[in-house]
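J.: Based on the provided sequences and hints, a complete structural model is requested.
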Amino acid sequence: MEKVEKLEEGGGQVYELGYHIVSTVAEENLPKEVETLKVIVLKDGGSLVSEGEPKLINLAYSMTKSVADTKKKFNTAYFGWLKFETKSELMPSIKKAVDQNPHVLRYLLIKTVRENTLYTPKLNVRSPGKEEAPKVKKSIKTEETKISSKKDLEDIDKSIEELVVE
22 MEKVEKLEEG GGQVYELGYH IVSTVAEENL PKEVETLKVI VLKDGGSLVS
72 EGEPKLINLA YSMTKSVADT KKKFNTAYFG WLKFETKSEL MPSIKKAVDQ
122 NPHVLRYLLI KTVRENTLYT PKLNVRSPGK EEAPKVKKSI KTEETKISSK
172 KDLEDIDKSI EELVVE
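According to the working numbering, the sequence shown is numbered sequentially starting from 22.
Keep in mind that the hints were calculated from the coordinates and are not lab data.
None of the values given here were measured: they were computed from a predicted structure.
We put the beta carbon where it would ideally sit given N, CA and C, even for glycine.
Mixed in with the good hints there might be a few duds.
Between beta-carbon pairs, the in silico distance windows are [what the hints assert, rightly or not]:
(1) L80 <-> K59: 20 to 26 angstroms
(2) E136 <-> K92: 38 to 44 angstroms
(3) E72 <-> T45: 18 to 24 angstroms
(4) N122 <-> S71: 18 to 24 angstroms
(5) V46 <-> L130: 19 to 25 angstroms
(6) S83 <-> E136: 31 to 37 angstroms
(7) K116 <-> D90: 19 to 25 angstroms
(8) D65 <-> W102: 17 to 23 angstroms
(9) T85 <-> E136: 35 to 41 angstroms
(10) S83 <-> S109: 31 to 37 angstroms
(11) K116 <-> L80: 20 to 26 angstroms
T.: Below is the structure:
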């Protein structure tokens, strides 16, 4: 049996493998495919930091995969990810093994940090000591015409009638 030595805390680099598994894999066989990827990335003493369970998603565009000299188009795939720590010198062999997996449609392998880096939107919270004054819309002042007598009204009516031609 091969001796597997575990990395000490901080003994390697943390990486993340984001992957698409082809949708032709039956859902009951999906855990087996994920386990295959885990074996690849954790060989030679690597350790799993966290993972995201694969879920069937619609792809933004069709992707093709050549398997046994036939090309197949895929519009859906199972997307999941693994965050793991391993020695950086093992990355070429990990990349090669994932490339050769016939059920991996596409993948992305990146360096990352151990901490959880999931995006969470910030809440707009105001501190209790700082009150903002309500914003007042400024209006443009217009000159108003005042009609002071009946004579002014009659003059206006007369000028309107002159303008309107029947």
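J.: A separate judgement is required for each hint: does it hold in the structure or not?
T.: How the hints compare with the structure:
A hinted range of 20 to 26 angstroms for the beta carbons of L80 and K59 is consistent with their spacing of about 24 angstroms. Hint check: E136 to K92, Cβ distance near 40 angstroms, so the stated range 38 to 44 angstroms holds. A hinted range of 18 to 24 angstroms holds for the C-beta pair E72 and T45, which are about 22 angstroms apart. N122 and S71 have their C-beta atoms about 21 angstroms apart, which keeps the hinted 18 to 24 angstroms range intact.
Taking the beta carbon of each, V46 and L130 are about 20 angstroms apart, inside 19 to 25 angstroms as hinted. A hinted range of 31 to 37 angstroms for the beta carbons of S83 and E136 is consistent with their spacing of about 36 angstroms. For K116 and D90, the Cβ-Cβ distance of about 23 angstroms falls inside the hinted range of 19 to 25 angstroms, so the restraint holds. Evaluation of the 17 to 23 angstroms hint for D65 and W102 yields a pass: the beta carbon distance comes to about 21 angstroms.
In this structure the hint that T85 and E136 lie 35 to 41 angstroms apart at CB holds, the actual value being about 36 angstroms. At roughly 35 angstroms, the beta carbons of S83 and S109 sit within the given window of 31 to 37 angstroms. One distance hint, 20 to 26 angstroms for the beta-carbon pair K116 and L80, holds here, with the actual separation near 22 angstroms.
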